[in-house]
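Construct the entire structure; sequences and hints are all you get.
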Amino acid sequence: VALSKEEVKELLAFIEQKLDDGKAENIVTIDLKGKSSFTDYLVIANGNSSRHLNGLANNLIQDIKKACFRARISGDTSDSGWIVIDLIDVMVHLFTGEMRDFYDLEGVWKNAN
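With our numbering applied, the sequence shown covers 1104 to 1216.
Not one of these hints is a red herring.
No farther apart than 30 Å at their CA atoms in a straight line, the calculated lysine-lysine pairs in the BS3-like style are these: (1) Lys-1108 with Lys-1169; (2) Lys-1112 with Lys-1213; (3) Lys-1213 with Lys-1138; (4) Lys-1168 with Lys-1136.
Treat the hints as calculated values from the structure; they're not laboratory data.
Written out as structure tokens, the structure is:
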């Protein structure tokens, strides 16, 4: 079931707040509506260690489920330095600082806005 525009906005605000509460750093939201076939928004943030990333991801997934949004976690949650949470309309990318710099998703999508 697709989310309405209002529900997607609520989901974005929810994600951003939960990441902020978890002390995620450099939270950035990129609007990809009409520019991507796989999602409408990317939320990118980084943590200070793999352990911090795992905590952010696990807490976010639990909170999303409690709020009745569907979520699927993908990527290696051990020590890869990059975790993806796929919410269909929103994809959350959690990185260590080093991995975020290496993959530079903001740079890849900078012309999308």
